[in-house]
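J.: For reference, the chains in residue letters:
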Amino acid sequence: MNIHEYQAKEILDAYGIPVPRGRVALTSDQVERASKEMGGRCVIKAQIYAGGRGKAGGVKLVHVPEQAQEFGKELFGKRLVTPQTGPDGLKVRRILVEEAVEIAREFYLSITLDRETSRYCLIASAEGGVDIEEVARKSPEKIHLFAIDPYTGLRPYQARKIALALGLTGSVCEDCVELILNLYRCCLEKDCQLVEINPLVVTKAGWLLAMDAKFTFDDNAVFRHREYPDMVDYSQLDPLEINAGKYDLAYIKLKGNIGCMVNGAGLAMATLDVLKEFGGEPANFLDVGGGATREKVAEAFKIILEDSDAKGVFVNIFGGIMRCDIIAQGIIEAAGEVKCILPIVVRMDGSKVEEGKKLLLDSGLNVQCADNLGDGAARIVRMLG
Amino acid sequence: MSILIHKESKILVQGITGRSGLFHTQQCRDYGSKIVAGVTPGRGGIHIEGIPVFNTVAEAVHYTKATVSMIFVPPPAAADAILEACDAGLELAVCITEGIPIRDMVLARRYQEESGTRLVGPNCPGVITPGECKVGIMPGYIHRQGKIGVVSRSGTLTYEAVKQLTDSGLGQSTCVGIGGDPIIGMKFIDVLHLFNEDPETEGVFMIGEIGGGAEEDAAFWIRDNMKKPVAAFIAGVTAPPGKRMGHAGAIITGGKGRAEDKIRTLEECGVTVATSPTRMGEAMSAALGSKG
Numbered sequence: 001m002n003i004h005e006y007q008a009k010e011i012l013d014a015y016g017i018p019v020p021r022g023r024v025a026l027t028s029d030q031v032e033r034a035s036k037e038m039g040g041r042c043v044i045k046a047q048i049y050a051g052g053r054g055k056a057g058g059v060k061l062v063h064v065p066e067q068a069q070e071f072g073k074e075l076f077g078k079r080l081v082t083p084q085t086g087p088d089g090l091k092v093r094r095i096l097v098e099e100a101v102e103i104a105r106e107f108y109l110s111i112t113l114d115r116e117t118s119r120y121c122l123i124a125s126a127e128g129g130v131d132i133e134e135v136a137r138k139s140p141e142k143i144h145l146f147a148i149d150p151y152t153g154l155r156p157y158q159a160r161k162i163a164l165a166l167g168l169t170g171s172v173c174e175d176c177v178e179l180i181l182n183l184y185r186c187c188l189e190k191d192c193q194l195v196e197i198n199p200l201v202v203t204k205a206g207w208l209l210a211m212d213a214k215f216t217f218d219d220n221a222v223f224r225h226r227e228y229p230d231m232v233d234y235s236q237l238d239p240l241e242i243n244a245g246k247y248d249l250a251y252i253k254l255k256g257n258i259g260c261m262v263n264g265a266g267l268a269m270a271t272l273d274v275l276k277e278f279g280g281e282p283a284n285f286l287d288v289g290g291g292a293t294r295e296k297v298a299e300a301f302k303i304i305l306e307d308s309d310a311k312g313v314f315v316n317i318f319g320g321i322m323r324c325d326i327i328a329q330g331i332i333e334a335a336g337e338v339k340c341i342l343p344i345v346v347r348m349d350g351s352k353v354e355e356g357k358k359l360l361l362d363s364g365l366n367v368q369c370a371d372n373l374g375d376g377a378a379r380i381v382r383m384l385g
Numbered sequence: 386m387s388i389l390i391h392k393e394s395k396i397l398v399q400g401i402t403g404r405s406g407l408f409h410t411q412q413c414r415d416y417g418s419k420i421v422a423g424v425t426p427g428r429g430g431i432h433i434e435g436i437p438v439f440n441t442v443a444e445a446v447h448y449t450k451a452t453v454s455m456i457f458v459p460p461p462a463a464a465d466a467i468l469e470a471c472d473a474g475l476e477l478a479v480c481i482t483e484g485i486p487i488r489d490m491v492l493a494r495r496y497q498e499e500s501g502t503r504l505v506g507p508n509c510p511g512v513i514t515p516g517e518c519k520v521g522i523m524p525g526y527i528h529r530q531g532k533i534g535v536v537s538r539s540g541t542l543t544y545e546a547v548k549q550l551t552d553s554g555l556g557q558s559t560c561v562g563i564g565g566d567p568i569i570g571m572k573f574i575d576v577l578h579l580f581n582e583d584p585e586t587e588g589v590f591m592i593g594e595i596g597g598g599a600e601e602d603a604a605f606w607i608r609d610n611m612k613k614p615v616a617a618f619i620a621g622v623t624a625p626p627g628k629r630m631g632h633a634g635a636i637i638t639g640g641k642g643r644a645e646d647k648i649r650t651l652e653e654c655g656v657t658v659a660t661s662p663t664r665m666g667e668a669m670s671a672a673l674g675s676k677g
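Protein sequences, first through last, are from chains A and B.
Going by this note's numbering, the first sequence opens with residue 1, and the numbers climb by one from there.
Going by this note's numbering, the second sequence opens with residue 386, and the numbers climb by one from there.
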């Protein structure tokens, strides 16, 4: 679960981590007003759920409120495409107006989960700013990684080693130690999958400041943080993805014309692979979860059909313990309810496969049943070709 | 022979009184697994389906000599259940639960790593030694007793692979679903190691996915250590690049994670990689043929 930069900075502020003075705006008039408050000269930052905004034209230093307003008009409603957004980009609905800061040095600082060690990992580099991934690729020795032992937590001396490695000395070094410890505390207490400050800067006046921040909360920990769902900006998500989320289904929009319903992420990916192999292009895929139930199958089917790009539906359910006749009933109910006339190919495996197939074939829907994965993919591609 | 579980394994179920805990307990018992105890705090003393229920794992172990736990405890308490299983000195804990918070798992994994207990999962289908013992939620009937070890990060894709193996006349020694979560107990290499030492396993099929570097690590381990033929499938060759936040993930994985890279690395390390999910069984046959 992602949040915007301005929300991330509110949280950092609450944990004693210094952030620039700023105000969030929903209209270009509000951008102008906020700019006036900052004294005219300020930074306008588009709020989207991805990084790389600077290069995509989503961040600008302006000198007078009129200029701020103009840039605000240009940004609102615009889709920003960055290396992190995917090809369609993300629409700008909120703008952060911040005081302009004189920067002396820039750093990179983050805490995220390291799968290899199963620990939270502190990542820091003296080469902060936009090209940190490039730095990681070309000169990995400039990236400092430190896996945190959950038994001891992050200790001040460990944070100090990192701060010194960044080349900080004196009181700024000690400020940085405190900042790193606060960031770790924040990461744990807020159940984050990622907290990233990039860049962390030392200002010309000699203060540390988190200039940009990204938070990703752990979706599995929402039960401990009831406020999280209200922090989400749903305009940054596909409406069908939101709808799918309500039913605990995972929905991904794609480019082609075949709607796909599969149970389990691995099998879903394999299904996309096999469709492409047979010359088909998926319009979307919906993962109904390993243990598909009739209700989930029915909801999933409706969501797939709401996507107007879907000209046919491929259902691939490896039911396992779930009975295929029950899954078939779910499909028939949902298809009947939304008056589906699209061609459907169903590949089911599990118990009571023959009963399930018979129900489908007797249902009056435009449906074919497949014997296996390859047969199913071939059939749906043929039906649409 | 087999790895991890066999027909004499004594199994206890943590979270036996929950809906799916009870359902799968029955399924496993019908398959032939020896379920000797259940654990649900506060319900100790009752019997459910004839199985005695205890308040703690330690108590259940004391009275039943169980050595394996199957965990169905809901996410908020699941990490605690893993810790309890380790603390009671079980040989193996198989955690089926999906959705355990990262912070909880970091701690549970830290404790488990230093305990003598092996952990499979969480968020996994479990472990099955066909014809002998099932500790998990996989459909038993697709499996057949045999000589292929299966290890997988995926759930239902494993069922697909196992079915293809069975249809190709290749039975399985043991199938291990290690789970798809970022923090898991046994990894590919841990399971490959056991298959390498198991006299009844003659070849291994490995199922991976995009993301992370576990498949690459496994590939190098196979090249340097594996005495038996290995075939693999990597799902997600055509998966579109997703939205992401920040750079930290990319820094840690260092450019690993793409299906093409995983497939190339596996092939360079001598693994036969199925070019299509419809040809997983064929790939295993080919790997056995070329080395057998």
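Careful: at least some of the hints might be erroneous.
[Unchecked claim] Computed list of lysine-lysine pairs in BS3-like fashion (alpha-carbon distance at most 27 Å, straight line):
| # | chain 1 | residue 1 | chain 2 | residue 2 |
| --- | --- | --- | --- | --- |
| 1 | A | Lys-255 | B | Lys-450 |
| 2 | A | Lys-142 | B | Lys-641 |
| 3 | B | Lys-419 | B | Lys-392 |
| 4 | B | Lys-641 | A | Lys-138 |
| 5 | B | Lys-392 | B | Lys-450 |
| 6 | B | Lys-641 | A | Lys-276 |
Calculated directly from the structure, the hints in this document are not laboratory data.
J.: Please go over all the hints and tell whether each is borne out by the structure.
T.: Against the structure, the hints come out as follows:
1. A:Lys-255 x B:Lys-450: 56 Å, violated
2. A:Lys-142 x B:Lys-641: Within the cut-off at roughly 19 Å; holds.
3. B:Lys-419 x B:Lys-392: Since the Cα atoms of B:Lys-419 and B:Lys-392 sit roughly 8 Å apart, the hinted pair holds (cutoff 27 Å).
4. B:Lys-641 x A:Lys-138: OK: B:Lys-641 and A:Lys-138 at ~14 Å, within 27 Å.
5. B:Lys-392 x B:Lys-450: 15 Å, holds
6. B:Lys-641 x A:Lys-276: 23 Å, holds
Violated hints amount to a single one, hint 1; each of the other numbered hints is respected by the structure.
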